[in-house]
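> Single-letter residue listing:
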Amino acid sequence: MSSRGPMRLGKNYPHPPSQQQQPQQQQQQPPSQFYQPTAPYPAAANNYAGDFGMPQPQIPPSYGGDFNVPQPPPAPSHNAFFSPQTAFYAPPSQQQMPSNQAMPGVEYLSNNPLFNVGLNVVEQGMKDFTGKTVNMLPNEMKKSISSIKYYFAVDQAYVFKKLCLLLFPFRPRNWSLGYSADEPVPPRVDTNAPDYYIPLMSAITYVLVAGLVLGTQDRFTPEQLGMHASSVLVWNIIEICVLCFTFYIFNVQSKLRTLDLIAYCGYKYVGMIAALSSYLLTHSLFVYRCSLLYVSLSLSYFLVKCLRLQILPDTGGSQPYGSNGNKRRIYLLLLVVILQPFFIWYLTRHLIVD
Amino acid sequence: MGFSFYSVIEAALLCINAVAILNEQRLLSRFGESGNQYTTGYADEFHQTGGAKQQLLTLIRSVRTVMRVPLIAFNIVTILFLVLFG
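Chains as they are written, first to last, in the working numbering: chain B, 1 to 354; chain X, 1 to 86.
With the rest of the complex left out, here is chain B:
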């Protein structure tokens, strides 16, 4: 029943009829991940700190799309210390508004009380439905859902900061990830944490911008959109498979999980959008190539800074710096970093005509 540190995935979801948590936390086999955690941590008996998907019964879900039976909205918990669950949901200031917990960022719609009533009814219906379907899933998928939910715990400030960071990472700053109770902190709190929102949205935006570029060249058909979307998916899959395979072959045990790697590989779509937009605005090949170069440079710098802390071992001074384990990790880091500009170039070059 040992739960491992950074890779500890969530516990069982409670069944909606029984409100109390399952007292017996059986150990599920973890989904096949390529990276083993560095050291196993002793299991805490009732430790729910790592369970991002299962809220404390007091905290109302405020980010939309929670799978539990809706609890009556209680007073928000004022934890003296920081815990990942409270940070996972909206900060307490937002929880004080009682009629405002349907979706984040839609506060302006709450002026009309009837609309709110309708929204709440729909939300309750959806939660019942999703609660039933989710509880039919096997335990493995519930764990995956809870661990993926971690990556979607973002807010607007985080997205803005991250986008600025992706386009200009050259300022001196602290790149280390924040941890709380041996769990990585959700992205809402820590700007350095990886997320899935930006890669997903930027991939979709890339497909749309590619359609736009094709439209300006009179080459657009609706099938092109589908083709671009499927090739985005396929190239992502290929890239992740190649990287995971390389990690496995070189036997590199690092703190980097597969899910984190997927997030870091998804950040290149922001650069692609920037390069394509610059081409769209100016229709000049020179501007496109300059922006391609700049975007590649900044993305490489960003990835080196982020991944260096996760792939390379902590320099405890026990090993000499040029030993083989370190060399492999450095090569692996370079591989990850060099693949990204290559993909940026390859996925945009067919859209550019002289």
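Be a bit skeptical, because a hint or two may be false.
Listed below are the simulated DSSO-like cross-link pairs for lysine-lysine, each with C-alpha atoms no more than 30 Å apart in a straight line [what the hints assert, rightly or not]:
hint: 1; chain 1: B; residue 1: 161; chain 2: B; residue 2: 255
hint: 2; chain 1: B; residue 1: 149; chain 2: X; residue 2: 53
hint: 3; chain 1: B; residue 1: 327; chain 2: X; residue 2: 53
hint: 4; chain 1: B; residue 1: 305; chain 2: B; residue 2: 255
hint: 5; chain 1: B; residue 1: 305; chain 2: B; residue 2: 132
hint: 6; chain 1: B; residue 1: 161; chain 2: B; residue 2: 149
For the record, the hints were derived by calculation from the structure and aren't laboratory data.
Position chain X against the provided structure of chain B, taking the given hints into account.
Below, chain X alone, put in the same frame as chain B:
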């Protein structure tokens, strides 16, 4: 660029078929391994390149063991699809 999702599935199926068809004896004699080294390659960070080879061989062996039976089913299904739907 015209990648569809089906081509990924097809490529993966062909690769796994290739791994399943391998002849272990010839592979090992080509690699120069003795074939019965079940050493724990993962714990040793100072290993030169033997670790990579060991990992590769372990991967190949485990893929063959795991995918032997499901591969038959996948192949039959794929053949049926291709015959029926072109």
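> If a hint holds in the structure, say so; if it doesn't, say that too.
Outcome of the hint check:
1. B:161 - B:255: Judged against 30 Å, a Cα distance of about 24 Å means the pair holds.
2. B:149 - X:53: Since the Cα atoms of residue 149 of chain B and residue 53 of chain X sit roughly 37 Å apart, the hinted pair is violated (cutoff 30 Å).
3. B:327 - X:53: holds, 17 Å
4. B:305 - B:255: Measuring from Cα to Cα gives roughly 15 Å; hence the hint holds.
5. B:305 - B:132: Not OK: residue 305 of chain B and residue 132 of chain B at ~43 Å, beyond 30 Å, violated.
6. B:161 - B:149: holds, 20 Å
Hint violations for this structure: numbers 2 and 5, all remaining hints satisfied.
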